[in-house]
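Student: Model the placement of chain B on the given structure of chain A, informed by the hints.
Number of protein chains: 2
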Amino acid sequence: MTALHDLIAGFAAIGATDDGGVCRLAATALDKRARDLFLREIGNRSLVPRIDAIGNMFGVAILDPAFDDVVITGSHLDSQPTGGRYDGAYGVLAGLLAVEAVRERCLANPGAARRNLAVANWTNEEGARFQPSLTGSSVFAGSLSLQDAYACADGDGVTLGAALAAIGYCGVTPLEYRPVRYVELHVEQGDRLEQVSGDIAAVSGAWMTRKISVVFEGDYSHTGPTPMPMRRDALRAAARAIEALYVEVAREDVGAHASAARINAYPNSPNVVAGRVRVWFEIRHEDEAAVVAISDRFLKRIEREAREIGVGISIAADDRRSAPLLDPDGVELILTVASDVGCKALTFKTITGHDALAIQKRIPASLIFVPSRGGLSHNPREFTAPEALDKGYAVLVETLWRMVTAA
Amino acid sequence: MTALHDLIAGFAAIGATDDGGVCRLAATALDKRARDLFLREIGNRSLVPRIDAIGNMFGVAILDPAFDDVVITGSHLDSQPTGGRYDGAYGVLAGLLAVEAVRERCLANPGAARRNLAVANWTNEEGARFQPSLTGSSVFAGSLSLQDAYACADGDGVTLGAALAAIGYCGVTPLEYRPVRYVELHVEQGDRLEQVSGDIAAVSGAWMTRKISVVFEGDYSHTGPTPMPMRRDALRAAARAIEALYVEVAREDVGAHASAARINAYPNSPNVVAGRVRVWFEIRHEDEAAVVAISDRFLKRIEREAREIGVGISIAADDRRSAPLLDPDGVELILTVASDVGCKALTFKTITGHDALAIQKRIPASLIFVPSRGGLSHNPREFTAPEALDKGYAVLVETLWRMVTAA
Numbered sequence: 001m002t003a004l005h006d007l008i009a010g011f012a013a014i015g016a017t018d019d020g021g022v023c024r025l026a027a028t029a030l031d032k033r034a035r036d037l038f039l040r041e042i043g044n045r046s047l048v049p050r051i052d053a054i055g056n057m058f059g060v061a062i063l064d065p066a067f068d069d070v071v072i073t074g075s076h077l078d079s080q081p082t083g084g085r086y087d088g089a090y091g092v093l094a095g096l097l098a099v100e101a102v103r104e105r106c107l108a109n110p111g112a113a114r115r116n117l118a119v120a121n122w123t124n125e126e127g128a129r130f131q132p133s134l135t136g137s138s139v140f141a142g143s144l145s146l147q148d149a150y151a152c153a154d155g156d157g158v159t160l161g162a163a164l165a166a167i168g169y170c171g172v173t174p175l176e177y178r179p180v181r182y183v184e185l186h187v188e189q190g191d192r193l194e195q196v197s198g199d200i201a202a203v204s205g206a207w208m209t210r211k212i213s214v215v216f217e218g219d220y221s222h223t224g225p226t227p228m229p230m231r232r233d234a235l236r237a238a239a240r241a242i243e244a245l246y247v248e249v250a251r252e253d254v255g256a257h258a259s260a261a262r263i264n265a266y267p268n269s270p271n272v273v274a275g276r277v278r279v280w281f282e283i284r285h286e287d288e289a290a291v292v293a294i295s296d297r298f299l300k301r302i303e304r305e306a307r308e309i310g311v312g313i314s315i316a317a318d319d320r321r322s323a324p325l326l327d328p329d330g331v332e333l334i335l336t337v338a339s340d341v342g343c344k345a346l347t348f349k350t351i352t353g354h355d356a357l358a359i360q361k362r363i364p365a366s367l368i369f370v371p372s373r374g375g376l377s378h379n380p381r382e383f384t385a386p387e388a389l390d391k392g393y394a395v396l397v398e399t400l401w402r403m404v405t406a407a
Numbered sequence: 001m002t003a004l005h006d007l008i009a010g011f012a013a014i015g016a017t018d019d020g021g022v023c024r025l026a027a028t029a030l031d032k033r034a035r036d037l038f039l040r041e042i043g044n045r046s047l048v049p050r051i052d053a054i055g056n057m058f059g060v061a062i063l064d065p066a067f068d069d070v071v072i073t074g075s076h077l078d079s080q081p082t083g084g085r086y087d088g089a090y091g092v093l094a095g096l097l098a099v100e101a102v103r104e105r106c107l108a109n110p111g112a113a114r115r116n117l118a119v120a121n122w123t124n125e126e127g128a129r130f131q132p133s134l135t136g137s138s139v140f141a142g143s144l145s146l147q148d149a150y151a152c153a154d155g156d157g158v159t160l161g162a163a164l165a166a167i168g169y170c171g172v173t174p175l176e177y178r179p180v181r182y183v184e185l186h187v188e189q190g191d192r193l194e195q196v197s198g199d200i201a202a203v204s205g206a207w208m209t210r211k212i213s214v215v216f217e218g219d220y221s222h223t224g225p226t227p228m229p230m231r232r233d234a235l236r237a238a239a240r241a242i243e244a245l246y247v248e249v250a251r252e253d254v255g256a257h258a259s260a261a262r263i264n265a266y267p268n269s270p271n272v273v274a275g276r277v278r279v280w281f282e283i284r285h286e287d288e289a290a291v292v293a294i295s296d297r298f299l300k301r302i303e304r305e306a307r308e309i310g311v312g313i314s315i316a317a318d319d320r321r322s323a324p325l326l327d328p329d330g331v332e333l334i335l336t337v338a339s340d341v342g343c344k345a346l347t348f349k350t351i352t353g354h355d356a357l358a359i360q361k362r363i364p365a366s367l368i369f370v371p372s373r374g375g376l377s378h379n380p381r382e383f384t385a386p387e388a389l390d391k392g393y394a395v396l397v398e399t400l401w402r403m404v405t406a407a
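Sequence order for the protein chains is A and B.
Numbering of the first sequence is given in the UniProt record's numbering, commencing with residue 1 and proceeding in unit increments.
Numbering of the second sequence is given in the UniProt record's numbering, commencing with residue 1 and proceeding in unit increments.
Okay, chain A solo, but in the shape it has when bound:
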């Protein structure tokens, strides 16, 4: 599927990093370049372009003007700072080609289509520059207000609203058709398909994720003469907490995933004992009770260990993302399609968040995975073989065809 591989390479050039990866943060000048190119690709295929107020972009194939309903496929074009070439871009670009392919098939089969079809690029899926993640799809689903989304600020205090306005992507042409189903194609970013040599996963739901941002409050003092027992070192308390997270997860021993990946220390001067440090923690597991048990014990422990050295803690954010199920009919359909086109398919829950999970709150949503080599993602070496990409594309096209033509 040369067209797909060429599109992926073309978009990977926008924000390409020296090590083969992609750095294309949401609502930056590079994101604008990718969006502008996507808009041209939509136009090249005579799809109808639509952009809504939060910058979600759509390319609509009007398969039959008699119908109001639209099936949507897509993903996101923004990346992490250390992103790969496939995360998000694969789903948008395979979706673009799939919409075109389904339209051709409808032209060859007049009267078959009972719904229209659109490809989407959702704004700020990654949450690297603006938190929370899944911003555009959550606004689309109605679970996040446009106002709250616009107010999200990056590390420099620039809001998402201002950043979108600056690149000209606060749109005024929202999708006018009625969304009825969503299908997203994505690289797995884990190694479960690879472990069993599977081609396709029909994702049945998601693990629960608890995202806790903790502020450690000590006091500022000189790193030199201040007597050691007088120091109230917030960075030391944060360091203890980071290690404690791993220890608590290992102690529970139920296969939970956890991380502490973002830290801000203040004043972050080599000569001032840090008075305030914030750390972003995550705990994930399929079983919500396991997440709660681990995280509650973790919070008790770090509170105690911080207090021992004169540091207080407070919870700046505690975002419990429950473990939703994706549309079971979609899972069934994808498994059938995969079998029909000769792919080895299985089903499991996703550990990471995806736009499909946000959109499931509004309409039935489905998520299709293809393997990631070594389970590696958010890394310049993220890789999925061309043949594996093609298998995912084939399953997507057939799934979309059945969805738009089903009675």
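Simulated from the structure, these hints should not be mistaken for lab results.
Wrong hints could be hidden among the right ones.
In this list, chains with the same sequence are indistinguishable; a pair is considered to hold if it fits within one copy or across any two.
Stated by the list, open to error - When the alpha-carbon atoms are kept at most 25 Å apart in a straight line, the in silico SDA-like pairs for lysine to any residue are as follows:
(1) LYS300 <-> VAL247
(2) LYS300 <-> TYR246
(3) LYS32 <-> TYR266
(4) LYS300 <-> SER314
(5) LYS344 <-> PRO227
(6) LYS361 <-> SER204
(7) LYS361 <-> GLY161
(8) LYS32 <-> ASN268
(9) LYS300 <-> ALA316
(10) LYS300 <-> GLU243
(11) LYS300 <-> ALA53
(12) LYS349 <-> SER204
(13) LYS361 <-> ALA13
(14) LYS32 <-> ASP156
(15) LYS349 <-> PRO229
(16) LYS349 <-> GLU286
(17) LYS32 <-> LEU97
(18) LYS349 <-> MET228
(19) LYS349 <-> PRO227
(20) LYS361 <-> ARG178
(21) LYS32 <-> PRO132
(22) LYS349 <-> MET230
(23) LYS349 <-> ARG362
(24) LYS361 <-> ALA317
(25) LYS32 <-> ALA13
(26) LYS32 <-> ASP6
Tutor: Chain B alone, transformed into the frame defined by chain A:
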């Protein structure tokens, strides 16, 4: 000494923070305001203004035009982000008034002066915005080249040279007199004077400081699906190292001071396991062997603990500041003066760096401490009582008088 207290309050207003402290980083617009005011204060007192290429400022009292030699007193007007009102500013402003007072006394005693006298404000003592610290005084002493000093870059990549040029403080009028002695008055920033109710410390030398900046190299991956055993988490390795520093210092139990106060994680996104983290560590002790023993064992330990989780370490900077002695004649003189003016004085080594330590590499230098309440510094609550400031000022004036009039 109302004039001194008023000057300190006036300068504390430039960069004043809501919590009563001062944030006036080197070569910023606020630093320019403080410098401009200092220049006006120099002019108000008819001292001769001089500014050298690295932005060091001088106000010279020509006590006798027949002499080329100059005694210098001073300190710095830059602060930490969480600085207090006294650190640096006290020495500059007391120095300004002391130069004026000594000149008056010389006018009343014609022929007494055998040297000239100047007050100095040294550039970037703090090292908060640009590392290394003691920049201006090190260039003055000849131990740091102007080129290397100009090349120091802040966190945004702005160089000290560019920042000084932007505020108009790359001077072209270096001090034309021959420096022969330096005396600096400063708040202690520790609690040793307070512990014994002392008024004055004649500082005899400095503790050794080893400043080690370590880079932890892991790999980027998704914080969600990446299997836990596959993660090479540089932030976890850094966290282990921060706690290990305190453990190793406590184990050695010889009264060393240590800190980890600055950390940079990359990409610092909540959803990407940190692939690269840099931490700035410091270990200080009077005995150089103790510093070397602690830090070498610390480095071995963190290398091993990082390797256990697939993270490598490399040393980005290893700055061993040996434990220099300050001019013993100066210590003797200050102790005598303190006794003569009725102050309780003692002598000990400073734990923190000061411009006097850099200048000692070129000419005999002395350092006078007054108490810091609770040993607190680099903190908005830094405080020294007005009467204690006055005692330091009295000792400084008498010391300078004896230095400029000595045979």
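Student: Are the hints correct? Go through all of them and say.
Tutor: Evaluated hints:
{"no.": "1", "hint": "LYS300 <-> VAL247", "verdict": "both (13 Å within a copy, 22 Å between copies)"}
{"no.": "2", "hint": "LYS300 <-> TYR246", "verdict": "both (15 Å within a copy, 22 Å between copies)"}
{"no.": "3", "hint": "LYS32 <-> TYR266", "verdict": "between (33 Å within a copy, 24 Å between copies)"}
{"no.": "4", "hint": "LYS300 <-> SER314", "verdict": "within (12 Å within a copy, 34 Å between copies)"}
{"no.": "5", "hint": "LYS344 <-> PRO227", "verdict": "between (65 Å within a copy, 22 Å between copies)"}
{"no.": "6", "hint": "LYS361 <-> SER204", "verdict": "within (15 Å within a copy, 71 Å between copies)"}
{"no.": "7", "hint": "LYS361 <-> GLY161", "verdict": "within (23 Å within a copy, 55 Å between copies)"}
{"no.": "8", "hint": "LYS32 <-> ASN268", "verdict": "between (33 Å within a copy, 23 Å between copies)"}
{"no.": "9", "hint": "LYS300 <-> ALA316", "verdict": "within (16 Å within a copy, 36 Å between copies)"}
{"no.": "10", "hint": "LYS300 <-> GLU243", "verdict": "both (14 Å within a copy, 19 Å between copies)"}
{"no.": "11", "hint": "LYS300 <-> ALA53", "verdict": "neither (42 Å within a copy, 55 Å between copies)"}
{"no.": "12", "hint": "LYS349 <-> SER204", "verdict": "within (5 Å within a copy, 67 Å between copies)"}
{"no.": "13", "hint": "LYS361 <-> ALA13", "verdict": "neither (34 Å within a copy, 53 Å between copies)"}
{"no.": "14", "hint": "LYS32 <-> ASP156", "verdict": "both (19 Å within a copy, 24 Å between copies)"}
{"no.": "15", "hint": "LYS349 <-> PRO229", "verdict": "between (48 Å within a copy, 20 Å between copies)"}
{"no.": "16", "hint": "LYS349 <-> GLU286", "verdict": "within (8 Å within a copy, 58 Å between copies)"}
{"no.": "17", "hint": "LYS32 <-> LEU97", "verdict": "within (21 Å within a copy, 59 Å between copies)"}
{"no.": "18", "hint": "LYS349 <-> MET228", "verdict": "between (49 Å within a copy, 17 Å between copies)"}
{"no.": "19", "hint": "LYS349 <-> PRO227", "verdict": "between (52 Å within a copy, 14 Å between copies)"}
{"no.": "20", "hint": "LYS361 <-> ARG178", "verdict": "within (15 Å within a copy, 78 Å between copies)"}
{"no.": "21", "hint": "LYS32 <-> PRO132", "verdict": "within (20 Å within a copy, 39 Å between copies)"}
{"no.": "22", "hint": "LYS349 <-> MET230", "verdict": "between (49 Å within a copy, 20 Å between copies)"}
{"no.": "23", "hint": "LYS349 <-> ARG362", "verdict": "within (20 Å within a copy, 69 Å between copies)"}
{"no.": "24", "hint": "LYS361 <-> ALA317", "verdict": "within (22 Å within a copy, 51 Å between copies)"}
{"no.": "25", "hint": "LYS32 <-> ALA13", "verdict": "within (13 Å within a copy, 43 Å between copies)"}
{"no.": "26", "hint": "LYS32 <-> ASP6", "verdict": "within (20 Å within a copy, 54 Å between copies)"}
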